[in-house]
Structure formats: C-alpha cells, structure tokens
Amino acid sequence: MEQTSSLSRRRLLRALAATGAAVMFRPPLASSQQARVLTKPIPSTDEALPAVGLGSWITFNVGDDTVARDACAQVMRAFFDAGGRLIDSSPMYGSSQKVIGYGLAKLNRPSSLFSADKVWISSGTRGPDQIEVSRRSWGVPRFDLLQVHNLLSWEEHLRTLLAMKAAGRLRHVGITTSEGRRHGEVERIMRAQPLDFVQVTYNILDRQVEDRILPLARERGIAVIVNRPFREGDLLRKLERHALPGWAAEIGCASWAQIILKFIVSHPAVTCAIPATTRVDHVRENMAAATGRLPDAALRARMVAHVEKL
Amino acid sequence: MSEWWTYSLSDFLLFSPRTYYRLFELYNLAVWPWQILAIGLGLVVLALWLRGGAWQGRAIAAILAACWLFVAWAYLLARYDTINWAASYFAVAFAIEALLLVWTGLVRDRLSLRPGRDVAGATGLGIFVFALFAWPLIGPVAGRPWLQAEIFGVAPDPTVVATLGVLVAADRTRWELLVVPLLWCAISGATLWTMQAPDAWLVPAAALLALVLAGWKTASRLRQASPA
Chain A
651 MEQTSSLSRR RLLRALAATG AAVMFRPPLA SSQQARVLTK PIPSTDEALP
701 AVGLGSWITF NVGDDTVARD ACAQVMRAFF DAGGRLIDSS PMYGSSQKVI
751 GYGLAKLNRP SSLFSADKVW ISSGTRGPDQ IEVSRRSWGV PRFDLLQVHN
801 LLSWEEHLRT LLAMKAAGRL RHVGITTSEG RRHGEVERIM RAQPLDFVQV
851 TYNILDRQVE DRILPLARER GIAVIVNRPF REGDLLRKLE RHALPGWAAE
901 IGCASWAQII LKFIVSHPAV TCAIPATTRV DHVRENMAAA TGRLPDAALR
951 ARMVAHVEKL
Chain B
280 MSEWWTYSLS DFLLFSPRTY YRLFELYNLA VWPWQILAIG LGLVVLALWL
330 RGGAWQGRAI AAILAACWLF VAWAYLLARY DTINWAASYF AVAFAIEALL
380 LVWTGLVRDR LSLRPGRDVA GATGLGIFVF ALFAWPLIGP VAGRPWLQAE
430 IFGVAPDPTV VATLGVLVAA DRTRWELLVV PLLWCAISGA TLWTMQAPDA
480 WLVPAAALLA LVLAGWKTAS RLRQASPA
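Protein sequences, first through last, are from chains A and B.
In terms of my numbering, the first sequence opens at residue 651 and continues consecutively.
In terms of my numbering, the second sequence opens at residue 280 and continues consecutively.
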C-alpha cells in the first residue's frame, strides 16, 4: 500500500505548491479548513469520519529505529493537521502499534484520533490479553474500533468485542478481510451479527465488493473501511506511467493517487479508505482527496472504463 | 489459514526493504566490535579445516554453535523480532541447530573435515570461504551502504551458508544438521525475493548446491556399502 515516489507525482506536487493551489501543503490547518474535509457518517452512531484515514501495514513497522519512528510521527502529524482521524493497525503488523503509540505521544495524543485496531490470534481466550497489549502499545484509554482480523476465530473474538462494547470499553465492533477472501462468510456475519464496521479491499480494479458486500453494508447500516486502495503501491506504479485523464481536473485531482481515492470514497457505502505511506507529502496528497468534488455515478463509470483500458 | 491458495508471498512480508536493511545497519553498530571476533572465529575454522588435528571437528562444531546461538539471541530475538513476529520461532530453530552441532560435533565427535578429499569437500570449502570473505561485499556491490554489510557469525545468511559449506564437506553427511540451515535458506530466499533484492538468488543457490552435494555423497556411500 505504500505509495511510490515518482517523478511525475513530484512534478505535479511541485506545480501545485508553486501555484498555491494546494491548501493541504500549509502547516497546521485552521479548523475552518479542516471542516472542508469530506466526512461520512458511521451508520450505527452517526459519528462523522473523514473519508480518508491512515493505514499502517508495512509502512509503520520500523522496529526500534528512532529516525524511522520520528519520520512516522511526522506522517501522523501531517495526517492530523490535514483533518485526518482514523488510524488503523493490527497486532499482525510487527512494531506498527508501538510506532503509532510513539507518534501519538510525540503529538500529545490528538483528541481527534479515531483508533482502529484488530484482534488477531487463533485462541479466543487469549484475545483479551492481546487487545490489552495492543491498547498499551497505542497508549489510548480504549479503542474506538476493534475488528476481528481476517475472520480469525471470529466467533469467539466477536463475543469478546461485543461484550467490551456493552461494558463501555469499546465504541465500535467490526470484522476485516482483504483481497476478496471469504466474502461469503463475511456476508453471513454481516447479516447475523450487530457489526458497526466491515473492512474490505476495494479499488478501481478490485471491485468484487460492489456486487454484494457494499450493498449489504448499506442495507444493514454497517460502515465500510477500504484497505489496500493502491494494491500496495502496484496500482500507482502502473498508472503513473500514464498521463492524467482530462476528467481528473473536473474532480480536483492532481495525481493518480487522488483519482483512486476519490473513486473509492465516492461509493455511497464506503465510509473511509486507509492508504498507508511513509511520506509526509503523500499523506497530504491523500488527505486532499477527501476535499472538493467527488465523481458522480456517470464519471465513476468513465473512470473504470479509462483505467481498465490502460 | 483458509483459502491459502489466494495468498502470495507479499502477503507475508511485514516490512519494507528499507526497514529490513536499516535493521542490519543499527545491529552492526550495536554489536561492534563483535564482527572482528566473528571473522576471527571464521579464520580459526578455516585453519582447523586445512590443518586437521584431533580436536578439529569438535572445535569447528563449538565455534559454529556459538555463532548460531549469537545470531539467535543478538539478531533474531533482539532485533529481527521487532519487525517480524515470526523471528522468535526462527531463534528457537537457530538454538536447536546450535544444540545439534554441540551434540553431534562436540559431544559425539561426528564431524570431521579433510581438505580437497573430493568434489564435495572442495565445494564445501569454497562455499565457506565465500560466506566468510565475499558475503560482506554483497550489500555494497548491490548498492547498499557498508554499514549494512552481513557478516559471518553476526548475520544469519552468511552464518547459515558457511555452516552449509562445513556440512557438505564433512566426511559423512549429517542430515539432521542440514534441516534447519536448508529451511532458513528457503525462508530468507523467499523474503529477499519478495523484497525484489538483486541478491535474492544467492541463499537458495547455496542451499540447492549443498542439497545436491549432500544427496550425491549419501548416494555414493550407500552404493559403496551395498554388496556387489
């Protein structure tokens, strides 16, 4: 999911900065500017979430390297400054949780944080211990969202998470999958369980969830987090060899990354996309995708047709 | 893990190449000057190999076991574990290999080497020399900084490959000692290949060579042992 550095993107960004067109390039945004960030409601609570969040798969797994940890903290600072809220991680992601905790401490624990983590352990009885370790790594009093990672031992973990929510120790409950795996099971759980969130893979080329998962999420009032928006960077590397299409300007997109993100978050069922990055300029660029106009259904169809031809 | 066929190697890569190699940089700085001692130990193995002697096998086994234990503790547990949750399992495997080396080589004295005895002996010596002297150069040749060099007795790959050289050259193939090194070669090769490292082929190539030679030696021994 990490974005790649490319000459074309850098050139575009420089051009934007030079013309002063990129509001997101300024240091800490004023609250009036943050209000421009597109938000979407979590159906179960009506809480508004910015449509672009921050993933941590691979990018934040930097171990004890202080230099790299500081760089991650800078990415987080830029994310919050641009109005971002939701940061997503997992015990599966190596040191990512600790690195997020390090960054949050450096940033004096921004009150706007929406902490989204996962439980990922085959033993149901050891789930609570893992969740507690994760919570301490983040340094948060409680998580805003906990998800059963890749449906691993989901029956037992979901019981734990729902009990935590009932006790007021957790705000939202969800499940995750990726790369189109186990959609049948995801669907069955969405129908049977009181979920607040479901996390799936969705982008302009991987659109299987449009058939059943996304409509079901709307029907059941379940928020949708989208992972791997850039296919771990592969999609951007492929697209950045091509010039931006003319319609990009219609929706205020200055890069392929923004086109991809706007496509994702413009789906009515999608609540938030979570691109991951190690670069401050990329996180600003991603957050800018949560501003301005979104494509309508007709333009979304043109976007798909265009990208599929490349 | 259900639908296992839908997973690719990249699904299991938890870190970026930059983080992986930076780990070696920080590790090399942290354990300095162990690198000098480790290379010195490698030279002692080489001298014992070439000169023979009653304690040759025991001493070589003890040195290799010490190197495997050091890598298990100082690299896999103390460093790699910070970015790869599977590293603690790798450390256990490395510790098991160290114990097997102690048991087979030191306690039972079943590891002896004679230079230039056959193709396997000469190739094994070549593999060991390559792991000791050439391996630290691979990173810089591939464009990585010197501080990220991987050194025998300090980093896992050259330690494992050097051990393969010894095991291939030993008078008799000890398959029980080959299991962990060969498994590590598969894991490390897959990791480097997924990271698209230009030198990703080296570790699997060494493992394949060792496997072919060990198999050939075993087959030759069985042929000689069978009645005409």
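Hints in this document: simulated from the structure, not taken from any laboratory.
Errors might be hidden in some of the hints.
As the list claims (entries may be wrong) - Distance condition first, Cα-Cα at most 20 Å in a straight line; then the derived SDA-like pairs of lysine to any residue:
1. Lys-815/A / Pro-918/A
2. Lys-888/A / Met-474/B
3. Lys-815/A / Glu-782/A
4. Lys-888/A / Gln-475/B
Stated by the list, open to error - To list a few chain A residues with every Cβ distance to chain B over 10 Å, as calculated:
5. Asp-696
6. Ile-708
7. Thr-709
8. Gly-751
9. Ala-755
10. Pro-760
11. Arg-776
12. Arg-838
13. Arg-870
14. Glu-882
15. Glu-890
16. Ala-898
17. Ala-948
C-beta atoms are modelled at their ideal positions from N, C-alpha and C, and glycine is treated no differently.
Query raised in the report: Can you name, in rising order, the numbers of the hints this structure does not satisfy?
Result: Those not satisfied are hints 1, 6, 7, 14.
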